[in-house]
Amino acid sequence: MSTMSIANNAYQMAAQLQQQAKAIEDPTPVREQVDFGQMVQSAVENVVDQGRVADAKAVGLIEGKTDVVDVVTAVAEAEVTLETMVAVRDRVISAYEEIMRMPI
Numbered sequence: 055m056s057t058m059s060i061a062n063n064a065y066q067m068a069a070q071l072q073q074q075a076k077a078i079e080d081p082t083p084v085r086e087q088v089d090f091g092q093m094v095q096s097a098v099e100n101v102v103d104q105g106r107v108a109d110a111k112a113v114g115l116i117e118g119k120t121d122v123v124d125v126v127t128a129v130a131e132a133e134v135t136l137e138t139m140v141a142v143r144d145r146v147i148s149a150y151e152e153i154m155r156m157p158i
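Numbering of the sequence shown is given in my numbering, commencing with residue 55 and proceeding in unit increments.
No lab work stands behind these hints: they were computed from the structure. The beta carbon of each residue, even a glycine, is placed where N, CA and C say it ideally should be. Take every hint as true, because none was put in to throw you off.
Have a look at the derived ranges for each label pair, beta carbon to beta carbon:
#1 V126 - Q92: 29 to 35 Å
#2 P157 - D109: 46 to 52 Å
#3 I116 - S148: 37 to 43 Å
#4 V126 - P157: 49 to 55 Å
#5 Q66 - P157: 26 to 32 Å
Kindly generate the complete structure, drawing on both the sequences and the hints.
Here it is in structure tokens:
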């Protein structure tokens with residue numbers, strides 16, 4: 055299974071769980087407007103935060119304050135987050151290109 059399909063499956067499952075949780079909390083369905091720009095900004099901030107955590111853990115390892123396992127885990131989490139962001143970016147670009155090919 056490729057990273058893109060894993061990320062896509064994870065996103066779909068998270069969306070389904072969120073919808074189920076909302077249905078349990080409020081029986082009357084209310085559509086919320088989602089700001090795409092805000093969603094992208096929060097995703098980029100998440101990637102940056104994961105990178106900073108990995109950097110801090112690496113510095114902690116050099117200083118002797120952090121365990122190697124913590125550093126490897128933080129770097130792996132940052133890598134997965136970045137790969138997910140790249141996969142989403144690729145899908146957005148692909149969708150944009152497909153829309154641009156549509157006849158008016």
